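Based on the sequences and whatever the hints tell you, model everything.
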Amino acid sequence: MPDASVAKGVAEDACKTLKPDEIVQFQRFGFVRVDSVNGKLTAYFAYR
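The working numbering puts the sequence shown at residues 1 to 48.
In short, the hints are calculated from the structure, not lab data.
Bear in mind the structure is a predicted one, so any value in this text is a computation, not a measurement.
Careful, some of the hints might be misleading.
[Stated by the list, open to error] SDA-like mimics (lysine to any residue), calculated; alpha carbons at most 20 Å apart, straight line:
| hint | residue 1 | residue 2 |
| --- | --- | --- |
| 1 | K8 | F29 |
| 2 | K40 | P20 |
| 3 | K8 | G30 |
| 4 | K19 | S5 |
| 5 | K19 | G39 |
| 6 | K16 | D35 |
| 7 | K19 | F31 |
| 8 | K19 | Y47 |
| 9 | K16 | F26 |
| 10 | K8 | V34 |
| 11 | K40 | F29 |
| 12 | K8 | V24 |
| 13 | K19 | D3 |
| 14 | K40 | F26 |
| 15 | K8 | L18 |
| 16 | K8 | R48 |
| 17 | K8 | P20 |
| 18 | K16 | R33 |
| 19 | K40 | S5 |
| 20 | K8 | R33 |
| 21 | K40 | T17 |
| 22 | K16 | K40 |
| 23 | K40 | M1 |
| 24 | K16 | S5 |
| 25 | K19 | S36 |
| 26 | K19 | D35 |
| 27 | K16 | F31 |
| 28 | K40 | G9 |
| 29 | K8 | N38 |
| 30 | K40 | A11 |
| 31 | K16 | G39 |
Structure (structure tokens):
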């Protein structure tokens, strides 16, 4: 997030197939860069 806050949420099972450094859009949230998908998806806010 631009203000360095942390947001947690739920994603579809299809997100398990994402690869690191992919940019994807989370509906009603914005675009994120995938960092890791090791059982738990970690992504960083890119832009709205």
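To see whether the hints hold, each was checked on the structure:
no.	hint	verdict
1	K8 - F29	holds, 11 Å
2	K40 - P20	holds, 13 Å
3	K8 - G30	holds, 13 Å
4	K19 - S5	violated, 24 Å
5	K19 - G39	holds, 13 Å
6	K16 - D35	holds, 12 Å
7	K19 - F31	holds, 15 Å
8	K19 - Y47	holds, 19 Å
9	K16 - F26	holds, 14 Å
10	K8 - V34	holds, 14 Å
11	K40 - F29	holds, 18 Å
12	K8 - V24	holds, 16 Å
13	K19 - D3	violated, 26 Å
14	K40 - F26	holds, 16 Å
15	K8 - L18	holds, 18 Å
16	K8 - R48	holds, 17 Å
17	K8 - P20	holds, 18 Å
18	K16 - R33	holds, 14 Å
19	K40 - S5	holds, 18 Å
20	K8 - R33	holds, 15 Å
21	K40 - T17	holds, 12 Å
22	K16 - K40	holds, 9 Å
23	K40 - M1	holds, 18 Å
24	K16 - S5	violated, 24 Å
25	K19 - S36	holds, 7 Å
26	K19 - D35	holds, 8 Å
27	K16 - F31	holds, 17 Å
28	K40 - G9	holds, 11 Å
29	K8 - N38	holds, 16 Å
30	K40 - A11	holds, 10 Å
31	K16 - G39	holds, 8 Å
Hint check: violations occur at hints 4, 13 and 24; the rest are consistent with the structure.
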